[in-house]
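The primary structure of each chain is shown beneath.
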Amino acid sequence: MSVDSVFVHKMWNDNEITKMVEGGVPFPMLSDGGGKVGTAYGIYNEDAGVENRGRFIIDPDGVVQAYEVLTPPVGRNVSETIRQIQAFQLVRESKGTEATPSGWKPGKLTLHPGPDLVGQVWKVWKTSMESE
Amino acid sequence: MAETAEVGCARPTGGLVGQQETTEQHTTQQTTQEVKKMIQVGKPAPDFVAPAYHKGQFTSVKMSDYLGKWVVLCFYPGDFTFV
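The listed protein sequences correspond, in order, to chains D and H.
Per our numbering, residue 1 is the first one in the first sequence, and the count goes up by one each step.
Per our numbering, residue 1001 is the first one in the second sequence, and the count goes up by one each step.
Keep in mind the hints are simulated off the structure, nothing from the lab.
Hints are not guaranteed to be accurate.
[Unchecked claim] Footprint (simulated), chain D over chain H, 3 or more residues, beta carbon under 8 Å: (1) 1006-1018; (2) 1041-1047.
[As the list claims (entries may be wrong)] If you want a taste of the chain D side facing chain H, the calculated C-beta under 8 Å gives, among others: (3) I57; (4) T97; (5) A99; (6) P101; (7) W104; (8) G114; (9) W122.
Beta carbons are placed, not taken as given, at the ideal position from N, Cα and C, and that holds for glycine.
Given only the sequences and the hints, what does the whole structure look like? Please build it.
See the structure below:
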C-alpha cells in the first residue's frame, strides 16, 4: 500500500516489476491517496506526504501481532517476516502453551512457559542458539 | 531558478511559501497529532477499504474480508522507489 493511485500501481507492476518477478505482484497493490489508512496505522509521514516502510502481521482474528517500521532508504527482509509468521502460527496452534525463543526457526526448540521454567531457561536455551 | 532535485526514495514534495503559521493552524495540527498514535500489538488492526490493482484488474480490498487468514500489510513510500 502506498499513496500512489491504482493507475501508477499498474504502470509500475506492468513495466518494471514484471521484469523482476514472473507474472508481477501476486497480491493486491493498494492505494492510500491522502494517507488516511497510513495515518490510522501510525506510519504516514505528513512532512513528505508518503507512507514510511511499515509492515504489519495480522492474525486470523484481525489482531496485530507484529510490526516493523523503517524510514524510506532501507529495505525490509522478507525472510525475517516469514520467520515471524511461522513463529506466530506455531504459538497460535499451541494455544499459547509454546513460545519461541530468540533466534527460533522452524524445527528448533520451543519453550513451554510455566512456573517450572522460571529461572530455568538457562538450562534449556543457550545464547549460542540465537545465531545457529 | 529551478534546482535539480536530489534523487532518493522519499518523494520530493512542495508546500506553501512564506508565512502560513497562524494560531488556527496550530490548533488543527495539535488535534491531528492526538489522533496520530502508533497502533498497539495485541490490539485489532484498523479496518479499511482501499482501491487496488490486482492481476490486471482494478478492484478494491476490505481488510475485514481477510478475517480467518494471516495477513501481511506492507506500506512503502512510493511506486518506482529503489528498495
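Worksheet item: At a Cβ distance under 8 Å, does chain D reach at least three residues of the stretch 1041-1047 of chain H?
Response: Held - the stretch 1041-1047 of chain H has 7 residues with a Cβ nearer than 8 Å to chain D, which meets the minimum of three.
Worksheet item: Quick one, is the W122 of chain D hint okay against chain H at 8 Å, beta carbons?
Response: 27 Å, violated
Worksheet item: Hint check: is the beta carbon of I57 of chain D less than 8 Å from a beta carbon of chain H?
Response: 6 Å, holds
Worksheet item: For the hint on P101 of chain D, does the least C-beta distance to chain H fall short of 8 Å?
Response: The hint is violated - P101 of chain D has no Cβ within 8 Å of chain H, the shortest such distance being about 18 Å.
Worksheet item: the stretch 1006-1018 of chain H covered by chain D? Criterion: 3 or more residues, Cβ-Cβ distance below 8 Å.
Response: With 5 residues closer than 8 Å to chain D, the stretch 1006-1018 of chain H meets the three-residue bar; holds.
Worksheet entry | Closest C-beta approach of T97 of chain D to chain H relative to 8 Å, hint status | With a closest approach of 18 Å, the T97 of chain D hint is violated.
Discussion item. Tell me if the interface restraint on W104 of chain D is satisfied: Cβ within less than 8 Å of some Cβ in chain H.
Written reply: Violated, about 17 Å.
Worksheet item: Can we keep the G114 of chain D interface hint, with Cβ of chain H closer than 8 Å?
Response: 21 Å, violated
Worksheet item: Do the numbers back the hint for A99 of chain D, that is, is its least Cβ distance to chain H under 8 Å?
Response: 15 Å, violated
Hints 4, 5, 6, 7, 8 and 9 from the list above are not met by this structure, while the remaining hints are.
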